Amino acid sequence: KFPLEATISQVTVAGERLYTVILRDITQRKQAEEDLREKEERFRSLVKHAAVGIVQVGMDEMYLQVNPALCAMLGYSETELLGMTPEWITHPEDRARERALFESLLSGERDSYEIEKRYIHRNGATIWGSITSSLVKDTDGRPLFQVSIVQNITECKRTEGELQQVQKMEAIGQLAGGVAHDLDRKS
Numbered sequence: 001k002f003p004l005e006a007t008i009s010q011v012t013v014a015g016e017r018l019y020t021v022i023l024r025d026i027t028q029r030k031q032a033e034e035d036l037r038e039k040e041e042r043f044r045s046l047v048k049h050a051a052v053g054i055v056q057v058g059m060d061e062m063y064l065q066v067n068p069a070l071c072a073m074l075g076y077s078e079t080e081l082l083g084m085t086p087e088w089i090t091h092p093e094d095r096a097r098e099r100a101l102f103e104s105l106l107s108g109e110r111d112s113y114e115i116e117k118r119y120i121h122r123n124g125a126t127i128w129g130s131i132t133s134s135l136v137k138d139t140d141g142r143p144l145f146q147v148s149i150v151q152n153i154t155e156c157k158r159t160e161g162e163l164q165q166v167q168k169m170e171a172i173g174q175l176a177g178g179v180a181h182d183l184d185r186k187s
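Counting in my numbering, the sequence shown runs from 1 upward without gaps.
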């Protein structure tokens with residue numbers, strides 16, 4: 001058994017109906033279609049099950065596609081995010097810096113960029129993200145969309161802040177100890 005494609009044509013010759021039938025073996029085409037379907041399914045699965053956020057942003061700056069990890073990270077549903085631009089949920093102090101990097105992609109100055117920025121979670125909390133972005137272009141070099149990988153680094157930033165606080169306290173303690181030692185020597 002193998003797949004066939006049939007083309008049937010009717011013609012009338014001397015008042016008699018005749019049919020021509022052309023049969024084509026489409027085994028290779030069917031196999032190519034199945035291979036493509038499997039590859040697409042693997043790719044969809046990769047994006048869907050990734051532990052990091054994956055996002056496509058159109059040239060109109062609207063989200064085109066987001067994965068479940070990004071939705072969970074930011075507290076929005078896929079439908080809600082697809083109606084937004086990244087700027088709407090980016091911390092105001094980080095917008096200009098990211099805008100400049102995006103424009104450097106568009107101008108061809110760079111192929112990709114990395115940035116740490118703050119998002120505003122749906123509940124109002126600040127979420128830190130480490131983002132790697134690049135511009136996808138068509139065969140003529142025209143930009144199609146931006147694709148980004150977003151890693152949640154909120155916990156790392158919190159720990160980093162705590163470490164800095166401990167270091168400040170240690171420095172103050174050392175300074176206070178030094179002052180006390182100097183005062184003790186002068187007495």
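Hints are supplied without guarantee of correctness; some may be wrong.
Below, simulated EDC-like cross-link-like pairs (lysine to aspartate or glutamate); rule was C-alpha separation at most 20 Å, straight line [what the hints assert, rightly or not]:
hint, residue 1, residue 2
1, Lys48, Glu16
2, Lys117, Glu93
3, Lys137, Glu160
4, Lys1, Asp25
5, Lys117, Asp138
Hint data in this document are derived by calculation from the structure and do not stem from the laboratory.
Just so you know, these numbers come straight off a predicted model, no measurement behind them.
**Study point:** Index of numbered hints that the structure contradicts, given in increasing order
**Key:** 1, 3, 5
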